[in-house]
Amino acid sequence: MTGPIVLLTDFGFHDPFVGIMKGVVLSIAPKAQIVDLCHAVPPQDVRTAAFHLRVSTPYFPKGALFVAVVDPGVGTARKVLWARTAKHQFLGPDNGVLSWIGEPVLEMREVNNHKLFLHHLSATFHGRDIFAPVAGHLAKGKAPKELGPKTKPAWEIEFPQVMRNDGAARGEIIGFDRFGNAVTNMTRESVPEGCHVFFGDSDLGLVSHTYAGRDPGEVMAIIGSSGFLELAVREGNFQQHFKAKAGDAVESRT
Amino acid sequence: MTGPIVLLTDFGFHDPFVGIMKGVVLSIAPKAQIVDLCHAVPPQDVRTAAFHLRVSTPYFPKGALFVAVVDPGVGTARKVLWARTAKHQFLGPDNGVLSWIGEPVLEMREVNNHKLFLHHLSATFHGRDIFAPVAGHLAKGKAPKELGPKTKPAWEIEFPQVMRNDGAARGEIIGFDRFGNAVTNMTRESVPEGCHVFFGDSDLGLVSHTYAGRDPGEVMAIIGSSGFLELAVREGNFQQHFKAKAGDAVESRT
Amino acid sequence: MTGPIVLLTDFGFHDPFVGIMKGVVLSIAPKAQIVDLCHAVPPQDVRTAAFHLRVSTPYFPKGALFVAVVDPGVGTARKVLWARTAKHQFLGPDNGVLSWIGEPVLEMREVNNHKLFLHHLSATFHGRDIFAPVAGHLAKGKAPKELGPKTKPAWEIEFPQVMRNDGAARGEIIGFDRFGNAVTNMTRESVPEGCHVFFGDSDLGLVSHTYAGRDPGEVMAIIGSSGFLELAVREGNFQQHFKAKAGDAVESRT
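Chains as they are written, first to last, in the numbering used here: chain L, 1 to 254; chain Z, 1 to 254; chain X, 1 to 254.
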């Protein structure tokens with residue numbers, strides 16, 4: 001037994017799917033410590049899941065095993081991956097969900113040892129049939145080499161890069177939090193000193209570090225808790241107000 | 001201490017009700033392992049809770065104690081039941097919620113030993129006042145015979161049967177998942193070979209095993225992860241699209 | 001290690017914030033037992049969080065550490081408080097969230113020892129950067145005197161008092177549960193015998209102890225599971241039906 005098993009899915013809370021996964025883990029590793037990272041990833045939104053991992057992994061203990069089940073290709077021939085970094089382990093489908101974990105991967109394997117899966121494999125719920133039992137076996141001490149052969153990922157998602165040019169910069173929206181604040185790929189360092197942030201024609205002003213001093217309804221750009229620039233409407237919903245969506249451009253210029 | 005305590009309720013997440021139940025369990029059995037199966041059962045929907053148990057119990061370890069608090073009769077004279085199978089234990093109100101657990105019941109008792117309840121019984125929150133403390137006492141090793149006398153359930157819900165006739169079959173919708181997919185009582189075996197599935201006048205085609213190869217908006221019938229036939233609109237919401245509801249007939253014929 | 005760490009926040013479930021807090025706790029105290037009390041406090045609604053604590057604390061074991069992160073002043077100079085009663089410990093911002101815990105405070109300290117915080121403090125997520133690591137250190141046995149100096153709260157919220165006068169009484173709505181039932185500050189003792197309950201001009205009749213015998217759509221007043229009077233529409237939503245809000249007056253008179 002090493003660190004906790006950390007679950008990230010798009011299963012939501014309406015159904016018993018996450019609970020069933022925990023039942024499978026505990027059937028194999030009765031003392032496993034299971035932590036819910038988030039189950040509200042928008043359905044099949046691999047990029048949001050990848051981003052959640054990026055901002056979460058630094059805060060989990062050494063030995064934690066992240067299990068990311070956002071898997072539009074479930075039931076197809078897509079591979080299942082296990083990866084190890086200096087600090088953590090990861091399980092996820094080979095669809096790019098592990099692309100942004102922010103730690104160098106020291107070892108990656110294709111998980112294809114059916115002896116570690118549930119006996120009957122469904123076509124639609126590999127969280128229960130593959131990911132949970134493999135996590136349980138790892139928690140119980142199964143050696144990674146028994147998972148399957150070394151491999152490389154077939155799919156990787158490139159983290160969108162901020163373009164800088166002559167004191168200006170251009171990034172994009174990655175996703176939205178529950179309040180409709182837009183999270184971008186820009187950091188404090190990627191916004192040139194003294195620049196205003198623009199979303200389309202809207203001037204959001206200088207980058208703030210707190211919400212203090214803003215009036216309700218005022219638009220603003222703030223460095224969020226993960227170090228990325230966020231666009232917000234004070235006591236409002238940026239996403240709805242601007243009909244913004246992931247991929248929309250964000251600029252900073254004088 | 002044996003297996004985990006597995007909670008199934010219709011309490012939702014808006015209020016601290018589930019958290020309070022956990023506090024009561026841990027006040028009695030500080031080392032109890034508590035797992036959330038699902039708390040989003042539609043309010044007072046005993047059949048959905050019964051179905052959740054049916055599809056979940058096979059995946060939990062031996063010794064698990066399922067606590068099902070979907071209890072429209074709370075505060076009335078309805079009994080509280082404890083049941084034991086070869087693998088699991090169950091607590092629930094005597095309203096049929098334990099009818100479909102899919103394991104032969106070896107022993108059933110009426111839980112009426114007030115010494116195991118909280119001192120002050122409310123009329124509306126027996127999850128806190130009865131179910132949680134009894135679960136805690138069982139987790140701590142209290143002998144089942146101390147719960148109360150042997151009994152039989154006053155209420156049972158019959159699992160809806162699929163009618164077969166001359167190469168056709170007729171079943172019904174049991175409930176819906178978060179995506180609006182309809183879960184039915186039909187299995188692969190209950191759909192005659194070569195038959196199409198029909199919902200009213202709509203032809204959903206042959207039974208599929210994956211979503212692959214379907215276009216957005218296309219209706220389809222698929223064997224779900226629990227082995228039951230599900231009706232879906234690819235990247236859509238079957239429940240809303242057809243204004244479907246539990247109990248609606250589903251047919252398969254040539 | 002003493003009792004469980006009990007989390008109460010307004011973070012919701014859409015984002016990985018609560019999961020990240022757990023990661024921080026477990027990074028410091030790998031064996032900590034963490035319980036979710038509720039994460040659906042309306043954003044920045046300190047009074048609702050304070051009320052949740054009031055009705056929940058009696059049900060948690062001795063030694064439990066409640067961590068209440070409903071913190072509109074995050075990033076400002078508001079203090080962080082630790083409090084100890086005979087039975088429990090509490091962490092929360094100094095904004096009144098700990099005002100109604102219902103247990104005499106034996107010791108209170110300002111948590112200002114930065115050695116116990118994460119190295120990099122964000123301006124917006126002290127749940128991760130301050131509350132979680134301090135909870136982890138307490139769970140691991142750090143002496144409270146190392147948190148910071150003794151203090152008194154700068155902000156306290158007075159629990160709204162019921163006014164009684166000549167066989168009548170006047171209270172108010174504190175909040176609403178997921179069904180739209182209104183929870184008030186009135187108890188059985190604060191409603192004079194034989195009085196009807198009124199909301200504006202609507203007569204809700206005598207106080208009930210169960211929902212039994214009411215017709216769908218009927219308005220009623222019932223003693224809720226926490227001992228406070230609740231206003232309900234049988235199988236309906238009181239909050240929406242009356243456009244009720246926190247602070248609205250509730251009266252009982254003959």
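Because the hints were derived from the structure by calculation, they are not lab data.
Wrong hints could be hidden among the right ones.
Simulated restraints, written as ranges between beta carbons of each label pair [what the hints assert, rightly or not]:
#1 Ala249(X) x Met163(L): 40 to 46 angstroms
#2 Lys31(X) x Asp215(Z): 31 to 37 angstroms
#3 His114(Z) x Glu193(X): 54 to 60 angstroms
#4 Gly227(X) x Pro216(L): 32 to 38 angstroms
#5 Glu189(X) x Ala154(Z): 32 to 38 angstroms
#6 Gly167(X) x Trp155(Z): 41 to 47 angstroms
#7 Gly213(X) x Trp155(Z): 17 to 23 angstroms
#8 Lys142(Z) x Ala249(X): 57 to 63 angstroms
#9 Glu158(Z) x Lys62(L): 51 to 57 angstroms
#10 Ala143(L) x Lys31(Z): 49 to 55 angstroms
Derived DSS-like pairs: lysine-lysine, alpha-carbon spacing no greater than 30 angstroms straight-line [to be verified]:
#11 Lys140(Z) x Lys31(X)
#12 Lys62(X) x Lys87(L)
#13 Lys31(L) x Lys79(Z)
#14 Lys140(L) x Lys31(X)
#15 Lys152(X) x Lys31(Z)
#16 Lys140(X) x Lys31(Z)
#17 Lys140(Z) x Lys31(L)
#18 Lys140(L) x Lys62(Z)
#19 Lys145(L) x Lys150(Z)
#20 Lys150(Z) x Lys62(L)
#21 Lys115(Z) x Lys62(X)
#22 Lys115(L) x Lys140(Z)
#23 Lys152(X) x Lys62(L)
#24 Lys31(Z) x Lys145(X)
Quantities reported herein were computed from a predicted structural model and do not represent experimental measurements.
In this text, a Cβ means the ideal position worked out from N, Cα and C, and glycines have one as well.
**Prompt:** Tell me, which hint numbers fail for this structure?
**Reply:** 1, 2, 3, 8, 10, 12, 13, 15, 19, 20, 22, 23
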